[in-house]
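A.B. asks: Please build the complex by placing chains B, C and D on the supplied structure of chain A, with the hints as guidance.
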Amino acid sequence: MVISPVQYIAIPLIAAFLIPLFGKLNKELVRIIPGLVLLYLSYISVVLMNQVISQNTMIVEIIAGWRPPWGINLVFSPFSGFLASLFSMLGFIIWMYTYNFKREVEDAQTEKFYVLMMMLITGTIGIVLTGDIFNMFVFLEITAISAYSLTAFYRERDGAEAAFKYLLVGSFASFFILLAIVLLYSQVGTLNMADIAQKMPDVNPYMKGVILMLFFVGFGIEAEMFPLNGWAPDVYTQAPGPIGAIFAGMVVKAGIYGLVRVIFTLFDVHEIFPLLMIMGVITMAVSEVIALRQGKLKRMLAYSSIGQMGLVLVAFGIGTHEAVFAAIFLMFNHAVIKSLLFLSGTYLVYHSKEKNISDLDGIGKSLPFTSFLFALGSLAIVGLPPFAGFWSKLYILMAAADVRLIAVIAIILAVSVVEIVYYFRVLHRIYFRERISTIEIKIPSFNAKISMLILAIVIIVIGVYPDLISGLIERAATDLLDKQHYIQSVLSVGLH
Amino acid sequence: MNTILIQILGALATILLAFIVGMFYGGAHRKVIARIQNRVGPPIYQNFIDVLKLYSKETSINHGVMQHMGPVFAITASITSLMFVPILTDGNWFSNLNFSGDLVFLVYMMVFGSLGMALGAGQTGNPNSAIGVTRGLSQMVGYEIPFVMAMVALMTQFHTTSITGMIAVQQQSGTWLMFSNPFAFMAAIMAMLGMFSYAPFDIVTAPAEVSSGPISEFGGKYLGMMMTSGSIFAFVKLALFVDIFMGGASNLVVLVIKTFALYMIPVLYGVISPRYRTEQAITYFWKWPLFFGFIAILYAAF
Amino acid sequence: MMNEFLMISFYGTAIALILIGLYATLAKKNLLKIVIGLSIADSGLNLLFMAIGYVKDGTAPIFSAEVVGKNVVMVDPVPQALVLTAIVIGFAVTAVALSLVMRLYRHHNTAAIDEIKNLKW
Amino acid sequence: MNSLILLLILMFGGALFAFILNKFVPALRDIFVVLLMLGVSYLFFSTGISNRLNFDVLGIHMQWGFTSASYLFGIIVVVLGSLALIYSTAYMKGKDRLGYFYMNFLFSIGAMLGILMSRDLISLFFFWEIMTWSSYFIVIYSGNDVDRRGLKYMIFSAIGAYSMLMAIVIVNSFIGSFLLEDVFASIFAIGSGYQIAIAILLMIGFGVKSAMMPLHVWAPRAYSESPMSYTAVFSGALSKMGVFGFALVLFNLVSTQNWLINEVVAWLAAITSVLATFYAVIQSDAKKLLAYSSIAQIGYIIIGLASNTYLGVMAGLFLAVLHAVFKSTLFMAVGAVERQVGTTDMTKISGLIRRMPWTFVATLISIIALAGLPPLGGFVGKWMLYEALITSGHYYLVIMVFLSSTAAFLYSYRILFGMFLGQEEPEFAHVKEAPLSMLIPMLILSGISVLSGSHPGFILEPIQSAMASFGFQSNLPHESWWELTVLFNTWGDKVALVNVLTSIVGVFLIALAFITIKGYKNQRYVTTKDISSSGEIIQPEDNMTFQIDFYKPFERAIWPLLKRKIDDYYTDFGKGLEALFDFVRRFYNGNGQFYAIYVMAFLALLLIAGTKYFGF
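Residue numbers (numbering that gives the first Met the number 0), protein chains in the order written: chain A, 0 to 495; chain B, 0 to 301; chain C, 0 to 120; chain D, 0 to 615.
Careful: at least some of the hints might be erroneous.
Covered stretches of chain D, as calculated for chain B (at least 3 residues, CB under 8 Å) [to be verified]: (1) 170–176; (2) 229–236; (3) 342–354; (4) 366–378; (5) 392–398; (6) 406–414.
Note that these hints are calculated values from the structure, not bench results. Built from N, CA and C at the ideal position, the CB exists for glycine as well.
Chain A extracted, bound-state conformation (with noise of 0.2 Å):
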């Protein structure tokens, strides 16, 4: 079978829907189809990541014969490429998780479950593969839907609430994108991303505002900015807790990536990088300082990690390559540590009612493997070295010195202080109190072990090592960059 991108969007979407029939066939079945198919993704995206990169080019997918600008695309570009084999493989490893979560429970929900699964990790990777900005926004819906979905997907909890309130903000997101499109079509009668970059600059300013406007609070909805990010917390909080992996580690990513693919591809209206920035460092200050005064854990690291995406937007505000590069790194290394800390989190409040901070007290003696995975990961998230978020944090300040914001520098500084101090006294409850809590146990099943331990083994390498990854970020920053080259890559295909 010849590999190719479309494949991403194609087999998980057909899986999620034959999951139903096999689970017909063999219950077990039902949870062994994802993860087969998340690894041939993860496969697909080595094989595809290797040949953008080492023949430097991107590759651009048509679909059902039209060539762009007519057709609807994919586009394997290296920054959207890094994203969807990061989902995939992060898809994969959260997969193993959930293999034998919930086992005993659950087991009639499963279909349900990996159905939707299925369906918002074809979304995101659909997101950031398209180059189709209508497309972009049908993924958007389907990443929507099944999230509000998985959102509400326990009955006992609130989740019903989380979820519709995520609906109602996640409507008005999909409306003014789709106001916004409909808009775009009437002035450039186009639909795909890279001939609307072209024709961007006839655009009246006016209009070109607007629409941009309409995009920056519409995708700014789904990167969880302030004062969009109203449902984040709550739906954090309810959904199951490898759900809420993927919220942090793929959703976001793919809202902040429909954010700056319209921003830098096709705006690229250099006036709205310090909106972006100063909207950045507000999201960021606002929410780690309120995270600080949260009493419940996945509140807590839903809090945390919003404001992680208001780094990213700082970074991307800033717009240097050097900042570009900061940014997508974070991106790759809040994936992978947020969803360490929300896997091991949900496992030390497991049978917790209220998911309190404080029946975590001396949870470290009952659940050592967990909680230092859990300790790991905060140690990273706050950008400790040896870490890999040190780096990230590190390229980030160096961008932000290097156009001299130095008050920039110092609120993200100061935020990593408030960062540190929650994340320690959760770290303090685990360790050093002793456990009163009467809250039954769970030890996590060997298979959540080691998907744990993956994430957090490459932490560390990352940490150590970070040229390991840095060439293809690199490659990426300067994708997303190079506007005319995302033009006339996606123009040329199919012309000979």
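C.D. replies: Same frame as chain A, but now just chains B, C and D:
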């Protein structure tokens, strides 16, 4: 070989001198107080008799090694300090190790003894000793500061930190340093009141309440040695002040006159003063003496 | 004249629908009304898109024997295709929303959005 | 393989291995860590200062290698590290989480070596942070009151580290290189405002680790609550990393026009040392006392460095080395007492001198060194410091130092008296001397203290070459520093250490002989209950110990200074922040509709403002 012998003889002579002068001054102190209080008082050589008696006693108990070594520490400190203080301005006889140390060293050497003695007092386990020691040390923090300020003022003024250097300065200019920098002298003299621990700063030994302070558990040879050390020490302080502020002494007669005059300051001040509590003593030192010291440094520096 | 009126009414209706929908979504307390508001706004947007794709005097964009080779004005086919997709998506979202509203009503025994505040701060 | 890499791999790999070993074969753990540390020490000493390693990470050029300055500090680290680990094997025996303890112990030592071998700012920061968190994990090892104490340490470390990081990235943005030599070479080419800012930010970072006021508030509890075997390293070596950093900044990054920085630093350090000494005096817990004393002593060191005179810097570095020696001995001794008696609260213990004589000897020697009394090394350092300050015209600074060191006599006596002297209570009759593996490190270090008094040359020799690498050329007439026995200041005044030593030892021996020879044999020991007591008969069960409110009069005298702690300001500030944060939280009020309204409002704002500010 010969020089070493002379040196040792010289050192012994110095010690003897210091001991005798110190002892007589102690006697004089008692006599003066008695006279002022309209008593006859002990004879002026009474301290010699006491020390002699104490040395001839046989000590039969102790509370441990540190108590045994406490007096040794004390006398080591006083004799060593003595070695580094010039007694006479000219002549080699009493020069000892004058050129091997400076004022800063001497300040520290003078503390050495009290700390060593305090260790000995500590091991006795007598709470009175410990109380005396804490009072003494606290008070020391009080008076050291103005004293050091005075010293620093002089050092900066004349660009030397050695005592011999200061004597040389006075001999060259012909003016005593107490006139060259009167503020420093004021600060130092007020600090000296504390150094002697006579009234009103005698809460350290406070005979009425805490037996007799740090030495309350010492008797016999230990006490004798302490007294010897104390006398030598008194002489060291006086000689030091004479050297620094009063141009030194060219012969023994001048030395005795000058030191005695100086000595009478704390004695007489004490006679007419009630006793300060420790914190009062400290605040006393940290008011006017500190102010004078401050001015002295300003005066010296600009 | 007729066409301009048509255009204005298209745009006007679309914008009116959007505004009504947004008003309902932002001001009404009842969950169901909020969902309805979302739906209305969605319809308005779809209508807007259609209006944008409308070309004066255009016919349906179908390549039939009648039009091939002739200089016939057609409306833009792309918005129509997209609106179709958007309607489907809107339908799916509404379905999910309604099921959530049901769950919320069962759980909280109320449909007022300002009383469902278990998750905050 | 380059021995620098080998050194780090051994250290960090060994740390992890110790952790794993503890899980499976706990018996071998102690031997392993000690052997590892000895091996690393050997490797360290065999690694010269000429070894340089260049490599790139993420496009950042880095360089590792020791200079003679960092080598000096490296010697402190490996010597103290080895001795503290030997001490640890007995001290930590029977406690739990030993794998955790030793892992972080070795991590922090490795990180310190890493800091010292860093020739660029990024690896410096990298190892600095590793040192921070590994030491933090040991600080919270005991588990008491971690939330306040541990967090305080971590917050201040983080503030320090991040201000360093800020300075580092700003420097890089001007110079385009992180290499120390490049930075030193071109720092003065950049704007003077940035220059000062960089120096201050870096010094905040180093000031936190060296516990300089007002960044010291973490230190007392952190020092006192860590296991003593680690505190020996913590106070002895880890805080010296801050000193090392100060040296780097003050000598290389502060130009002579900015002499005011030197003055401010020196004064801050002086205030630190005075206040910390006062606090030390009023402590009744030996550990806390030593903790405050450490802060004060590091104050002296920094004063010396900031004086920027040859003698002053030499004094600072000498005191740094010596402080490492005697303060770690003291912490070890207190640890020994803690282990044998169970507490270090001096209001509870007394009269251990006959129970733990060797510990007492080590303590006594170290206290003499600490107090700066002749003839031990402390005096040498103090003398040089005073003379440097006086001769360079820091008149009032020298008074502060004098005040602090005079007040230091108080706590010096307190700690000796509190633990070893005074009444021998029957409840301590069973106490035994600490085991040999704890005594040996203490006695070795005491030996160094003694030797440094008469022959400071063996410490001054490496210091002299370290100073040469900082750019200070010797202006004193000495050919071989090894043989130095006479201290000189720039005015030509001197102290002949040999004469001092001869005099003191000679007189001491004669006097001792005089008092001992006749009749000591006939003397007998009587208990401390048998004392002069104005006629009262003291029973053995009567507690005559004088320990509570030991320096109450002094405390009353200095009370106005101590009334309001800096800590309280920080606490108030923290409370205010938390209230603010809680207010910010209200934004997420739980009503989904509000969130939708935020979205609309934000969009409206953007559309209105966008036309104005973004040029559409």
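A.B. asks: Confirm or reject each hint.
C.D. replies: We went through each hint and held it up to the structure:
Counting residues of the segment 170–176 of chain D whose C-beta sits closer than 8 Å to any C-beta of chain B gives 0, which falls short of three, so the coverage hint is violated. Coverage of the segment 229–236 of chain D by chain B is violated [criterion: at least 3 residues with CB-CB distance below 8 Å; count 0]. Three residues within the 8 Å Cβ limit are the bar, and the segment 342–354 of chain D against chain B gives 3, so the coverage statement holds. Three residues within the 8 Å Cβ limit are the bar, and the segment 366–378 of chain D against chain B gives 5, so the coverage statement holds.
With 5 residues having a Cβ less than 8 Å from any Cβ of chain B, the segment 392–398 of chain D passes the three-residue criterion, so the hint holds. Given a C-beta distance limit of less than 8 Å, the hint that chain B covers the segment 406–414 of chain D holds, as 5 residues qualify and 3 suffice.
Of the hints listed earlier, those the structure fails to meet are numbers 1, 2, in rising order.
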